[in-house]
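Number of protein chains: 2
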Amino acid sequence: MPEKSVYLFREGSADMRDLLGGKGANLCEMTNIGLPVPPGFIITTDVCRDFYGEGGRLPSNLMDEVRVAMEDIERDLGKKFGDPANPLLVSVRSGSKFSMPGMMDTILNLGLNKDTLQGIIAASGNARFAWDAYRRFIMMFSDVVLDVPKRSFEHILHSYKKSKGVEDDTQLSEQDLQEIARQFLSHVQANAGREFPSDPWSQLEMAVEAVFRSWNNDRAIVYRRQERIPDDIGTAVNVQAMVYGNMGDDSGTGVAFTRDPATGEKVLYGEFLVNAQGEDVVAGIRTPLPISQMADALPESYKEFITICSKLESHYRDMMDLEFTVEKKRLFMLQCRVGKRTGAAAVRLAVEMANEGLISKEAAIQRVTASHLDQLLHPRIDEKHLEDNGTKPLATGLAASPGAAVGMVVFDADRAAEWGNSGKKVILVRDETNPDDVHGMLAAQGILTARGGKTSHAAVVARGFGIPCVAGCEAINVDLQSRLFSVGGTVVKEGAWITIDGSTGRVYLDKIPLIDPEVGGDFAVLMNWCDEARKLRVRANADNPRDALQALEFGAEGIGLCRTEHMFFERDRLPIVQQMILAETDEERELALDKLLGMQQRDFEGIFEAMAGKPVTIRLIDPPLHEFLPSYDELLEQVVELRLAVHTLGAESIKRVLEDKEKMLKLIEGMRESNPMLGLRGVRLSILFPGIVEMQTKAILQAAVKVKKRGVETQPEIMIPLVGHVNELKTVREKLEAVAASVVEEMGEQIPYTFGTMIELPRACLTAGAIAEYAQFFSFGTNDLTQTTFGYSRDDAEGKFLQKYVEMKVLPANPFETLDQSGVGRLMKMCVDDARQVNPKLKLGICGEHGGDPASIEFCHKLGLDYVSCSPFRVPIARLAAAQAAVSDRVTAVVDK
Amino acid sequence: MPEKSVYLFREGSADMRDLLGGKGANLCEMTNIGLPVPPGFIITTDVCRDFYGEGGRLPSNLMDEVRVAMEDIERDLGKKFGDPANPLLVSVRSGSKFSMPGMMDTILNLGLNKDTLQGIIAASGNARFAWDAYRRFIMMFSDVVLDVPKRSFEHILHSYKKSKGVEDDTQLSEQDLQEIARQFLSHVQANAGREFPSDPWSQLEMAVEAVFRSWNNDRAIVYRRQERIPDDIGTAVNVQAMVYGNMGDDSGTGVAFTRDPATGEKVLYGEFLVNAQGEDVVAGIRTPLPISQMADALPESYKEFITICSKLESHYRDMMDLEFTVEKKRLFMLQCRVGKRTGAAAVRLAVEMANEGLISKEAAIQRVTASHLDQLLHPRIDEKHLEDNGTKPLATGLAASPGAAVGMVVFDADRAAEWGNSGKKVILVRDETNPDDVHGMLAAQGILTARGGKTSHAAVVARGFGIPCVAGCEAINVDLQSRLFSVGGTVVKEGAWITIDGSTGRVYLDKIPLIDPEVGGDFAVLMNWCDEARKLRVRANADNPRDALQALEFGAEGIGLCRTEHMFFERDRLPIVQQMILAETDEERELALDKLLGMQQRDFEGIFEAMAGKPVTIRLIDPPLHEFLPSYDELLEQVVELRLAVHTLGAESIKRVLEDKEKMLKLIEGMRESNPMLGLRGVRLSILFPGIVEMQTKAILQAAVKVKKRGVETQPEIMIPLVGHVNELKTVREKLEAVAASVVEEMGEQIPYTFGTMIELPRACLTAGAIAEYAQFFSFGTNDLTQTTFGYSRDDAEGKFLQKYVEMKVLPANPFETLDQSGVGRLMKMCVDDARQVNPKLKLGICGEHGGDPASIEFCHKLGLDYVSCSPFRVPIARLAAAQAAVSDRVTAVVDK
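Sequence lines, in order, name chains Z and C. Counting from 501, one number per residue, gives the positions in the first sequence under my numbering. Counting from 501, one number per residue, gives the positions in the second sequence under my numbering.
Hints are not guaranteed to be accurate.
Chain copies aren't distinguished; within one or between two, either way the pair holds.
To be verified - With a straight-line cut-off of 20 Å between C-alpha atoms, the simulated EDC-like cross-links for lysine to aspartate or glutamate are:
(1) Lys1329 x Glu771
(2) Lys1230 x Asp732
(3) Lys1166 x Asp931
(4) Lys662 x Asp699
(5) Lys840 x Asp882
Just so you know, the hints here were simulated from the structure itself, not pulled from any lab data.
Work out the full structure: start from the sequences and follow the hints.
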C-alpha cells in the first residue's frame, strides 16, 4: 500500500498521469492554473494494482482517506455528502494513463437516496429533474455495480411509456418518474438478491470497487490488446462533485477542440446543447449545435470559454479536446486532453504552432507521427461521401499497402497489364499473387487478394511499388473460370468498378471519390525542418527509373537497394533468363547473357539518369535460379497428364511436347531445394556461376560511362548479397574488380564505383571485422537477418504461427515489421562496432523493410548508421523518424547533464 | 632475407622443423646425438619464401653462404666439391615441415662431370659404378632442372638395351654405360637448348632453384590441398654428402621401424638389400629381405643399427621410421622420423611405452588420434586378403559411415527388413534413402546409395546407428524395376553378395573377409587413462534401448539426445501419428494421442532401464508435422492420374479413392512450407498444438515412475527444442511443469526431472541470459545453429555448393563436420558467458554431430561445457578427444608460467 492513496485535484498535476490517470491529471492541472473545475479527488492507479494484488479487495484504510478528501470538497462547496438537507452528489469515473474511451464504467449522481433526493428537490427547486436524476442513478449503479443489466431497466421504462402512450422521455411527468424509480428499485431487489444500497458511503465504496473491476472486463482487455496498452498499469478513480447542464435555458453542455482536428485550421471547433447533460448528447436524443452558436445562447459563458481555450492551448502548447458544462450561467470544465487529429491537421498544427512561437521546430517534428504522414502520402477515401450516402464496405481484408484505389476488376495479370497499359484503371483481384504476376500488378491501381498476410507476395510487392493493396480478404470467393468474385450473395464480374482502401483493408462496390495526397505547403516546411534536424541520410529502394523518380520526389538522397532480379522477372526477359539458366553449352549461355547485358545496361542508364549523381546501390543477382523457372508442381501435373494422353492417344506431336516437358521437369527437379531461403543463392551463385554477375557488373559500369558521356555523374555502389564468410566477398570482389577496371579502361572514363556487401546472415555480423577489410560499404538486409536469427521463414511464419505468437504475447511484435533489438539488433551492434574498428571509413546502411519503420529507424540512428533505405512511399516517414531520433538524442543529452 | 640462410647439420635440432623442414631437422638431431650421419647442410624454408617473394630468384648472397657450409663438409670428409682428384658428391633433396612423400624433387650424385668422374673411378676403384652414377645423375638433373622428361631418357636406354639384346640394366658394361651417358648428354643439348652444365657449382645452384620450384608443381599443390598443408610454408633444401650402398657385398641399404607399425609389437620391423642403393629398392628390381637377416649379412652393422634404434626410440620417445645405408661396412643414417602406424598399433604403442616408462600417460593419450580409434571401433576389410587376391573395388563412393559390411543386395526397405529380420545379412542399395526406409536400414548390415553426400539422410542415419555406409556412389546405376544395379558392364542382381567399406567408400563384389573390432586390452587401458584425464563428460545420442546399451558399452555417461520423433517414424506408429495430425475432432486427436502415450511410455521405460540411473535428455517433438505425412509430389501424381482415370472410366470406386486422396492432398498442401527448416516445428509446434508435448511429458514421467517402482532410478531431462525467445520456453515449460507435477503426484513417487532447452538458433545465443532464467540445462544443437548462422540448408548446401566451397578454399572446412569457431563458436561463447552469469548452476552440453568431432570437442572443453553427446560409436573418440583437450590445457598451463 503506497503512502498516499487519494489526491485532491489541487494536489496533482498534468505530469502525474502514471499515478492519477490521464483524465485525473488534467483535472488537477486545470484546477491549478485557476480554471473553474468542480472540486474532486482521485484514487490512484497504485490502489488499483493493490486491489488486484489483494484478490479484488480495497486496501483497508482507503475509505478513511476518501472521507478526508470528501470533507475538503464539502468545505469548498458548503454541501455535505449524504446530508439530506444540503446533499453533495458526485460522479465516479475511471481514468487510466491511456485513453480507453467507453471501455470502463462511469456512475453519475452518486449519493442519491430517498432522503438526499429531498435536499436536491429543495436546492434545485425542480422535483422532476431530481427524480429523473434518481432513476438514472439507480439504473447506472445497478448496471455497473450490481450486475443488473441496463437493458432490463430500459425494458421497464419502455413498457411504462407504452402503457402511458408516450414516445419521449421528456413527456414523462414527475409522478411517472417516481413510479419508474419505484419499479427500478423493486427490479433491483428481485434481480440482485439485495436491496439497492441507500447509504451514500456504501454506494461510493461499491462504485470504486466496480470501477477497478471494470479494468479487467472483456472489452477493456480486448481494447488494450489492440492498442498495445499494458495490462498491469491499472486505472485511477475520479470522484468529482456533480454539476448540471440541464437546469434550464441558462445551462448547457458541450465538447470542443481548440483548433479544427480534421484540417488543423485555427478555429474553435465543437458542439453544444442548451439545457442538456453530456449523456443526452451521447444518446443522440437531440442534435447539438455548432459551438459558434453558443455566442448567442450563452454569451458570457462563451466568452469565458474562449478565454479558457486560449489559456489551455498556451499552457499545454497543443491543440486541446475539451468538455464543459454550464450550470445556471456558471461554466465548469470537466475534461481536457490533447486532441486527436488527422494527418493533415497534425502537420498543419505543428507547422503553425512553431511559426506562432508556441512550440519549437524540434517540438513540431515530435508532434507528427508516421501514421499521420502515411495518411497524407496516399490517396484516401472521402469519408464524408461514405457517411452522406451510408455506404458500407462489401468486405474487409488486411490493410496490406496503404492508400485507396478505384478501378475495374480483372482476374489475371495479363489482362491487368493489357487494360492497364491501354489507359484503363484496373484492380487486380487474385487468390494470391506470385512473381509471374508482377507485370499485371505494376499496371494496376490496386491489388486485392483473397489469401495471404501482410507480408505475402502481393503485400510486399505492392508496398514496394506504392500500390494500394488489400490482402487476405477471405470473404471474397474468386471464380476464375466464370471471371467473377462473390461475397455472400453479391457477385462482382470482371470489368465492374470497385474501390479498395489499403489503409483500412476495406473493399467497396462502385467508384468512391478519393482525396489526393497533400504534400505541398506545411508538409514541405515540416520535411525541411526534419532534414535540418536529422543525422541519418535517407535513401529509397527502387528497381526502375519510375520508382527512382518517385523516390526523388519524396526526398530520397540516393538508392539504397536496386534489386536487379526484378528486372529479370519482366515478361520480355524471363525467356532469356531461362535460356541462360538452361543453356547446355557455354555458347548458348553467353548468347543469352549478351542479350541480358544490353537490357540491363539500359535499365541502369535510366536509373542513373533519374538519380543524377546521387549514389545508387545495385545488388547483384540474389534469388535461387529455380525461381526463374516454371513451378515444379504445375509442370509435374502437366507431365502426368501428357503421359496418360500419350498412353491413350499415342500421338507423335504430344509425345514431343511430353519429352520437352519431361526434360524441363528433370532439370527443375535437379535444381529444387528443400529450403531455398538457405540454398544456392546470393554470392554462392556468383561464385559457382560467375558469368551472371560479371555481365551485371559490366552492364552497371557501361551504363555509368554512357550516362557520364551525356553529362550525368553517377555513383554506382555494387553490392554482393548473402556473404557469410570473408572469402566469399574476397573471391567475387577480386573477379568483379577486374571486370570493372577493364570496362572503365576500355571506355576511357573514370567512374567512382565502390564494392560492398549486404549483411544479412548472423555469421556476417559475427565476423564483420574480417569482412570489413574487403568492403567499402555494408548494408544490413534485416529481412533475411531476421529470418536466420530467429530461424523463421517469413513465407511460412507469417501465416502459420507469427500472428498467433503476437496475439499470445509470446513475441512483443512481428520482428519483420519492427526490428528485434535484443536479438537481431545485438548482432547489428556487434557488426557495426567490429567493422568500424577495422575500417573506419566503411559506409553503413540498412535496406531491409525495417528501413521504413520508425522504431527501427531510431535504433539505426543510435547504432550510428550512415543511412536508411526504404520504399519510395516511406521516404518522408523515414525523414521524419530520423529527425525525431536526432531530436530525442538532443533532449536526452540535455537531461543527462 | 633472414640473417642465416644455411644451417650445418650440427647447427640445427629436431624442434626446428619450421625452418629446416622435417627431414633436415631430424638429420641435425641425429648428428647432434652422435649418430653416424653423412655431413651436410640445409638451406632454410625462409629462403624458399624469399625465392617466391622475389619472383623465383635466389637471394643474391645465398651461394656465398652455401660455399662456406660446403667447406665445412669438405674439411670433415677430406674431399673437395668439384675437385677432379678427390671429388665430393652430394645429394640435393627437398624437405618441408610436413612429409610430402614423392611430391617434390631429389637429385643424387650432384657434382659429377667428366673430370670428377675420374676421381670417383679412382676413389672407388669401380669404373662401371662411376659411369652408372653419372648417367643416372644426367637423367635426374635434366628431368628436374632442365625440363627434359625422364621418360625420354628411359626411351634412349631402352633402345640401347634392345640394340644390345640385353634385358637388365645390370647386364650393361662400363662401355655401354659410357655410350649411354654420351647419348644422354647430346639428348640434353638437343632438347634443353643448352649444354648439360658441367660446373658443379652451377649444377648446385640450378638444383637448389629447381627444388624450390618443385614446391609449386601440380602434384605438390594437389597433395597439399588434400592433406590440408598450408601453401605458404615452403620447403627447405637438404644438401648432403653422398654415401653408397652399392659398393659391394659389404655394403647395403634398408628401411626399418623400431616397432611393428601394423600391430605395435615391440620388434624391429623392416627390410634391407645387400649391395644396393635406396633407388633400387623403390624401383622394385630386387626383392628386399627381412631386416632380421641383416644379422647374418652385415653382422656388425646390424648390431650397430640395433643400438641406434634403441637410442633413437629413447631419444624421441616414439616408434621411429628409419633409412640407412652401409658403405663398405660403415653404417650411415640417412633419415629418421616418427613412424606412421595403424589404429591398433597406435593404441598398443601408447600403452606399452607408458608402461615402459618411456612416456607419461598424458603423452600416451596424445599419441592416439581419432582416426586411429575409429579404425578399431568398426569391422574392417582384411587388406591382406585383397592384396593376396589382387581384388580391386567395383566402385568407390563417399566414406559416409565407417566400418565394413558384407551382405546380400536388396533394393527396398521392406525387403531389407524382411530378409534382415529373418537372419539374413543384407546391404540396402538405394538411389537415396528417406525416413520411410529407416526400418530397412536398421535391419541391414550396410547401406549403399547412388546419390547424396556425407550428410545425406542415409549417411546421417547410418552414422547414428553405427551402420557402415557408402553414399553418393555415382558409378552405380540402380534399376529398381529389374531389381539390379550395374557398374559399367557389371550387373549385380538382388540377392548377390557384396562388401562395402564405409571407411574408404569402396564397394567390392562378393564376400571379403572382415576383421572384427578390437576393443579390449590396451584399448580399455587407454580409455581408462582418458577418463581420468578429461573434464568433459561424454554422453551419447540414442533413441532406443538398443542404442542406449551400445552407448553404455562404449562408456557413455548418459544420453544427451533422445529424439522422440524417431519413434514416431516406426512402421506401426506412423499411421497413428497421421491419425493424430489429420484428426478432425478433438476426440479423434485424443484417441490417437492416447495410443501414442502407451507406446512412448514403453519406449522410455526401455531406455531408462538400460541407462540405470544415468541422466537421459529427451527432446520433445521437433520436425514439422508434414514430415509424417505422404510426399506431396507423389500424392499429386496419383491424384492427377486418378482424375484422368475417373474422367475416362467414371468408376464410382475410383472416384471415392480420388476423393480421399484429394482431401489428403489439400490437407498436405495447407501444411506445406517453402522452408520447412525455418517453419512450424520445435517449440512453435508445442505452443500451437500443446497436446503432443503434454502426452510426451506424461509418457516420460509415467515411465520414470514405473521404472522406479521396479527399483531403477532415473534422471529424465526434458528438452524443449528450437527456442528463440524466452517466452517460448516460459510458455511451454509452465504448461509441462504442471503436467509433470500432476503425474508425479498422482503416482506418488519423487522423480528428479529437469527442464531445459536446445540452443540451436542465433537468437537463443544472443538472448541466452534471459532464457537461462527459465532453464535448468542448455544443450547446443550445433547442426541447426550452423544452418542458421551460415544461412545454409544442410540438405541443399552439401550437394549444391558446400563441397565446392571447401575445394575452392572459400571455406576452410565443412562447418557441419567441424564446428566453425569464429562464427558459430563466437555465438556459443556469448551464450555460455551470458547464461552462466544469470544461472551459474545451468548444466551445459552439446548434442549436435560436432559432439563427436575432436576439434569441436576441444573447443567445447575450452568453452567450459559440462558434457558432449555424440553417436554411440563416437563415444570412445569423444572420451579420447576430451582427454586430449584436458591434457593440452595442462601443458599450456605449464608453458604459460
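- Query: Given a CA cutoff of 20 Å, do Lys1230 and Asp732 count as a within-copy pair, a between-copy pair, both, or neither?
  - Reply: For Lys1230 and Asp732, only the inter-copy Cα distance (19 Å) is at most 20 Å; the intra-copy one is 52 Å.
- Taking 20 Å as the upper bound on the Cα-Cα distance, should Lys662 and Asp699 be classified as within, between, both, or neither? neither (33 Å within a copy, 136 Å between copies)
- Message: Reference check for the pair Lys1166 and Asp931, CA-CA at most 20 Å: within, between, both, or neither?
- Response: Answer is between: at 15 Å across copies they meet the 20 Å cutoff, but 29 Å inside does not.
- Within a copy, between copies, both or neither: where do Lys1329 and Glu771 come within 20 Å Cα-Cα? neither (53 Å within a copy, 65 Å between copies)
- With 20 Å as the alpha-carbon cut-off, assign the pair Lys840 and Asp882 to within, between, both or neither. Classified as within; 19 Å inside a copy, 87 Å across copies.
Figure legend: structure checked against the earlier numbered hints; hints not met, in rising order: 1, 4.
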